[in-house]
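Residue numbers (full-length UniProt numbering), protein chains in the order written: chain A, 1 to 342; chain B, 1 to 342; chain C, 1 to 342.
Check the hints yourself; a few may be wrong.
Identical copies carry no separate label here, and so any pair may be met within one copy or between two of them.
To be verified - Below, in silico cross-link-like pairs of lysine-lysine (DSS-like), each with a Cα-Cα straight-line distance of 30 Å or less: (1) 68 <-> 262; (2) 45 <-> 196; (3) 295 <-> 45; (4) 262 <-> 196; (5) 45 <-> 23; (6) 68 <-> 295; (7) 170 <-> 196; (8) 71 <-> 262; (9) 339 <-> 323; (10) 329 <-> 339; (11) 23 <-> 329; (12) 323 <-> 295; (13) 196 <-> 23; (14) 45 <-> 262; (15) 262 <-> 339; (16) 68 <-> 23; (17) 262 <-> 170; (18) 323 <-> 170.
Hint data in this document are derived by calculation from the structure and do not stem from the laboratory. On a predicted model such as this, the values are computed, not experimentally measured, just so you know.
Listed below are the residues making up each chain.
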Amino acid sequence: MEFTAGQIAALAEGVVEGDESVKINTFAKIEEGRQGAISFLANPKYTPYIYETLSSAVLVSRDFVAEKPVKATLIRVDDPYATVARLLAMVDQLMNPPRRGVEQPCFIAEGVEVPDDVYIGAFAYIGAGAKIGSGAQIYPQAYVGDGVSVGDGTIIYAGAKIYRGCRIGKRCIIHSGAVIGADGFGFAPTDHGYEKIPQTGNVDIADDVEIGANTTIDRAMMGSTRICRGVKLDNLIQIAHNCEVGADTVMAAQGGVAGSTKLGERCMVGGQVGLAGHIHIGDEVHIGAQSGINKDVAAGSRLFGYPATDVVSYGRQALAIRKLPTLYKRVDEIERLIKDNK
Amino acid sequence: MEFTAGQIAALAEGVVEGDESVKINTFAKIEEGRQGAISFLANPKYTPYIYETLSSAVLVSRDFVAEKPVKATLIRVDDPYATVARLLAMVDQLMNPPRRGVEQPCFIAEGVEVPDDVYIGAFAYIGAGAKIGSGAQIYPQAYVGDGVSVGDGTIIYAGAKIYRGCRIGKRCIIHSGAVIGADGFGFAPTDHGYEKIPQTGNVDIADDVEIGANTTIDRAMMGSTRICRGVKLDNLIQIAHNCEVGADTVMAAQGGVAGSTKLGERCMVGGQVGLAGHIHIGDEVHIGAQSGINKDVAAGSRLFGYPATDVVSYGRQALAIRKLPTLYKRVDEIERLIKDNK
Amino acid sequence: MEFTAGQIAALAEGVVEGDESVKINTFAKIEEGRQGAISFLANPKYTPYIYETLSSAVLVSRDFVAEKPVKATLIRVDDPYATVARLLAMVDQLMNPPRRGVEQPCFIAEGVEVPDDVYIGAFAYIGAGAKIGSGAQIYPQAYVGDGVSVGDGTIIYAGAKIYRGCRIGKRCIIHSGAVIGADGFGFAPTDHGYEKIPQTGNVDIADDVEIGANTTIDRAMMGSTRICRGVKLDNLIQIAHNCEVGADTVMAAQGGVAGSTKLGERCMVGGQVGLAGHIHIGDEVHIGAQSGINKDVAAGSRLFGYPATDVVSYGRQALAIRKLPTLYKRVDEIERLIKDNK
Numbered sequence: 001m002e003f004t005a006g007q008i009a010a011l012a013e014g015v016v017e018g019d020e021s022v023k024i025n026t027f028a029k030i031e032e033g034r035q036g037a038i039s040f041l042a043n044p045k046y047t048p049y050i051y052e053t054l055s056s057a058v059l060v061s062r063d064f065v066a067e068k069p070v071k072a073t074l075i076r077v078d079d080p081y082a083t084v085a086r087l088l089a090m091v092d093q094l095m096n097p098p099r100r101g102v103e104q105p106c107f108i109a110e111g112v113e114v115p116d117d118v119y120i121g122a123f124a125y126i127g128a129g130a131k132i133g134s135g136a137q138i139y140p141q142a143y144v145g146d147g148v149s150v151g152d153g154t155i156i157y158a159g160a161k162i163y164r165g166c167r168i169g170k171r172c173i174i175h176s177g178a179v180i181g182a183d184g185f186g187f188a189p190t191d192h193g194y195e196k197i198p199q200t201g202n203v204d205i206a207d208d209v210e211i212g213a214n215t216t217i218d219r220a221m222m223g224s225t226r227i228c229r230g231v232k233l234d235n236l237i238q239i240a241h242n243c244e245v246g247a248d249t250v251m252a253a254q255g256g257v258a259g260s261t262k263l264g265e266r267c268m269v270g271g272q273v274g275l276a277g278h279i280h281i282g283d284e285v286h287i288g289a290q291s292g293i294n295k296d297v298a299a300g301s302r303l304f305g306y307p308a309t310d311v312v313s314y315g316r317q318a319l320a321i322r323k324l325p326t327l328y329k330r331v332d333e334i335e336r337l338i339k340d341n342k
Numbered sequence: 001m002e003f004t005a006g007q008i009a010a011l012a013e014g015v016v017e018g019d020e021s022v023k024i025n026t027f028a029k030i031e032e033g034r035q036g037a038i039s040f041l042a043n044p045k046y047t048p049y050i051y052e053t054l055s056s057a058v059l060v061s062r063d064f065v066a067e068k069p070v071k072a073t074l075i076r077v078d079d080p081y082a083t084v085a086r087l088l089a090m091v092d093q094l095m096n097p098p099r100r101g102v103e104q105p106c107f108i109a110e111g112v113e114v115p116d117d118v119y120i121g122a123f124a125y126i127g128a129g130a131k132i133g134s135g136a137q138i139y140p141q142a143y144v145g146d147g148v149s150v151g152d153g154t155i156i157y158a159g160a161k162i163y164r165g166c167r168i169g170k171r172c173i174i175h176s177g178a179v180i181g182a183d184g185f186g187f188a189p190t191d192h193g194y195e196k197i198p199q200t201g202n203v204d205i206a207d208d209v210e211i212g213a214n215t216t217i218d219r220a221m222m223g224s225t226r227i228c229r230g231v232k233l234d235n236l237i238q239i240a241h242n243c244e245v246g247a248d249t250v251m252a253a254q255g256g257v258a259g260s261t262k263l264g265e266r267c268m269v270g271g272q273v274g275l276a277g278h279i280h281i282g283d284e285v286h287i288g289a290q291s292g293i294n295k296d297v298a299a300g301s302r303l304f305g306y307p308a309t310d311v312v313s314y315g316r317q318a319l320a321i322r323k324l325p326t327l328y329k330r331v332d333e334i335e336r337l338i339k340d341n342k
Numbered sequence: 001m002e003f004t005a006g007q008i009a010a011l012a013e014g015v016v017e018g019d020e021s022v023k024i025n026t027f028a029k030i031e032e033g034r035q036g037a038i039s040f041l042a043n044p045k046y047t048p049y050i051y052e053t054l055s056s057a058v059l060v061s062r063d064f065v066a067e068k069p070v071k072a073t074l075i076r077v078d079d080p081y082a083t084v085a086r087l088l089a090m091v092d093q094l095m096n097p098p099r100r101g102v103e104q105p106c107f108i109a110e111g112v113e114v115p116d117d118v119y120i121g122a123f124a125y126i127g128a129g130a131k132i133g134s135g136a137q138i139y140p141q142a143y144v145g146d147g148v149s150v151g152d153g154t155i156i157y158a159g160a161k162i163y164r165g166c167r168i169g170k171r172c173i174i175h176s177g178a179v180i181g182a183d184g185f186g187f188a189p190t191d192h193g194y195e196k197i198p199q200t201g202n203v204d205i206a207d208d209v210e211i212g213a214n215t216t217i218d219r220a221m222m223g224s225t226r227i228c229r230g231v232k233l234d235n236l237i238q239i240a241h242n243c244e245v246g247a248d249t250v251m252a253a254q255g256g257v258a259g260s261t262k263l264g265e266r267c268m269v270g271g272q273v274g275l276a277g278h279i280h281i282g283d284e285v286h287i288g289a290q291s292g293i294n295k296d297v298a299a300g301s302r303l304f305g306y307p308a309t310d311v312v313s314y315g316r317q318a319l320a321i322r323k324l325p326t327l328y329k330r331v332d333e334i335e336r337l338i339k340d341n342k
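Build the full structure now, drawing on both the sequences and the hints.
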């Protein structure tokens, strides 16, 4: 596959600056540019690379002003990142068309209906009473427990595990190693150790959700642990039993949400954040990486730190701590003055 | 299955208040109540819901005093949470009876004895010299390495991996994605990079232990990494080589214990906690979420923070930090006064 | 297998002190010593155990001075830890010789060449266009996606998953549950939620790398996420898309590296550390456990804390915080004096 810069510009409704006949056959990051590649410049941190990149073309914003000569052909567009995303999607669809067919050996319980247009990989397991939507792709070694329903167009990658009775919506992506519906962590203390509290609920994942590799979402004690429409969870995240994650909320890797906590819609949660149990986070809350949250948070808040405070207070506190040695010196000096004065 | 509130009260040795003939056929959380459901009220945070719940019956403690009219039938018991746990266990046993039988294809090495009453799922792998206890349930795609022993009544969920030579006790539950017995992280620096130190020990898990989804427990360099009787580990926990976790200790999700550290009995460790290597935590120590512990801890301690201190000091420090901006102002004022006084 | 202390000393170029005819048939930690075992003393923290150990022999450094009588036979060597590592390696090679042969059923796509000397376990999946190096060991239930290349002598343990198009070098070890090449976490916000940005790159792992259990390394958006020669990653680590981890760098469990960050060579990163995206960490940087790093770090730095500072500043700050209650008392006293003086 090969395009000219001019062809790509036409596709992207962009304006070419430089040689529009230059040939493009791959993508490259701007700092790793090479001949035949197209790159993009969105984060200003990478601007210096545009003067050195070996890439043949670079997508830039319409208002980009070069401060030195640029060798690459520029294609000016409204949003370089969105444009490259769209181009990548086109290539991806060509290179990785949906898989179809049933590889053998796989295990499909009696009575399960398998639509014609699905993919079921070798060593996948489909339990009794499971429902597989049209166009679903279930990769090798995936486990779809008894009574699980998998929506139309959903992809379950190799080795992901869905325990009995859970529901996965349409157009979801569940990455390898994700475990959906393991028992919530519930035990009652007794005189002779802990007694397990059966977790009789399930996990209910709505449409257009993506679940990262090795992320775990526990089934509810009763009712459902809910992941709402459009949620994106990165890798190695823990969602405990009976939580609810609101629509279009995104969480970066290694975050953890303790039991029965509810997150609002359109929240952004940084990496390695911890949320205590039984709290409520409002809509559109942003939480900085590695923060810890142990109480309710109002909609629209911007939180950071441990224990988390709003971003302004956090900055003030951090500065106050950094200046502490100076404060000690000032108090030493005051005490010296007072002593001398007596 | 359907019961009346009166029948459930009889089962639970409780006292009915309201319509004892109301029909119950499911469980629901009190805030998600619906007709035909029974709920429970244990955490006072949820008390307001009892006046609005649509559930047909609610388990409450004997001394609960309603401040407004309650529509649901109340069943007064000694411990609502324990009662609901017992009811859930009864239902769970009816709904999810133990699995039996050997699904094909699975891989069972020559010479392994398979008791009549076990479940071995499709694509499970049982290595040479493995021992499978009576009533064990080994789900699809689980891996039981060479020489592993699995105790009576133990459940190994889909895709859990047990490396060679490890021992799992009786009545354990190992959730999907857990990895038991991967190599401990041991390397010796050399002039040309790190040299691997073979990890020749194993992991030894005693009876009645539950291991969460995607939790990892590394094999010992020599000897055993030990998980003692009754331990409950949540999801995504890391236990390094040669650690020991004492009986009836519970750890919440995403905690990590570095090499050779010993945890006492009946400890409670919060989520995302980190314990350094080669330290000793006494019995009945409680450690708050996200804390970091880097030295020995006496039995019975209550720790919090990073670096962790006892709960009282932690609270004092946190308050002192929050008040810092005020302290700076006070010192500014003092300096101004002294300057004016000169 | 049984050796005398004298034979082991000869092998290790050590000097025997005590009964050189004592029989050794196993290893034990010094604090768990038993008859017939050899132990070692490297960490001075364990010195007290040498006077009590039941082990028959102990490897000690040449300059170890006993302060009390020692019952065990001592073998004095230059580096007891390195010696025991070498002895363990010898035993390990005898006890766990490389596996060979192809177990059935497994899935090997048409056209894949399978060298004679490899191991492919039951239920392993080898996708179309994959390349399997000489002497590779691919354990049961492992997934090697389309077009993946696995270098000579590499071990992929049970259930590890390698997505399409990734490259694994020679003599690597990939532990169970590791996921190599899942999609990077990239989404573009739109009016109707997030749109997925296809991740069209791969993961490129060089030679002599070890990847821990349940660690996840995401494929690049374009280009490669790179793990350089000799890197050792512990369990449950997250490496985001387009990162680069430099040669011989080691990371302890549960650390996370956000997108496009580059780590230098020979760095040591403690457990549960978080690195922000798009930053650059120089060579030979050491980062203490649970630290958070959000900006570039110069080569050779020693960092600690959250937000991380150099170790000296961190110690100074921590002390300043611990002394805060005293500082408040001092300022109270000053204010009292000034008030009395007025």
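Measure nothing new, just compare the shortest in-copy and cross-copy C-alpha distances for residue 262 and residue 339 to 30 Å and report within, between, both or neither. Answer is neither; intra-copy 57 Å and inter-copy 51 Å both fail.
Within a copy, between copies, both or neither: which one fits residue 45 and residue 23 at a CA-CA cutoff of 30 Å? Within one copy only: 27 Å inside, 65 Å across.
Are the CA atoms of residue 323 and residue 295 at most 30 Å apart within a copy, between copies, both, or neither? Both. Shortest intra-copy (29 Å) and inter-copy (20 Å) distances satisfy the 30 Å Cα cut-off.
Residue 262 and residue 196: within-copy, between-copy, both or neither at 30 Å Cα: both (24 Å within a copy, 25 Å between copies)
Classify it for me, residue 23 with residue 329: is the Cα-Cα distance of at most 30 Å met within a copy, between copies, both or neither? neither (65 Å within a copy, 65 Å between copies)
Cα distance capped at 30 Å. Does residue 45 pair with residue 262 within a copy, between copies, both, or neither? between (36 Å within a copy, 14 Å between copies)
With 30 Å as the alpha-carbon cut-off, assign the pair residue 71 and residue 262 to within, between, both or neither. between (52 Å within a copy, 26 Å between copies)
Go through the copies and call it for residue 68 and residue 262: within, between, both or neither, with a Cα cutoff of 30 Å. The answer is between: 27 Å across copies meets 30 Å, while 51 Å in one copy does not.
Is it within, between, both, or neither for residue 68 and residue 23, if the alpha carbons may be no more than 30 Å apart? The answer is within: 23 Å in one copy meets 30 Å, while 76 Å across copies does not.
For residue 45 vs residue 196, is the C-alpha pair at or below 30 Å within one copy, between two copies, both, or neither? Answer is between; shortest inter-copy Cα gap is 23 Å, intra-copy 52 Å.
Between copies, within a copy, both or neither: which fits residue 339 and residue 323 at Cα up to 30 Å? both (25 Å within a copy, 22 Å between copies)
When no copy is specified for residue 329 and residue 339, does a C-alpha distance of 30 Å or less occur within a copy, between copies, both, or neither? Both: 15 Å inside a chain and 16 Å across chains, each within 30 Å.
Hints 11, 15, 18 from the earlier list are contradicted by this structure; the remaining hints agree with it.
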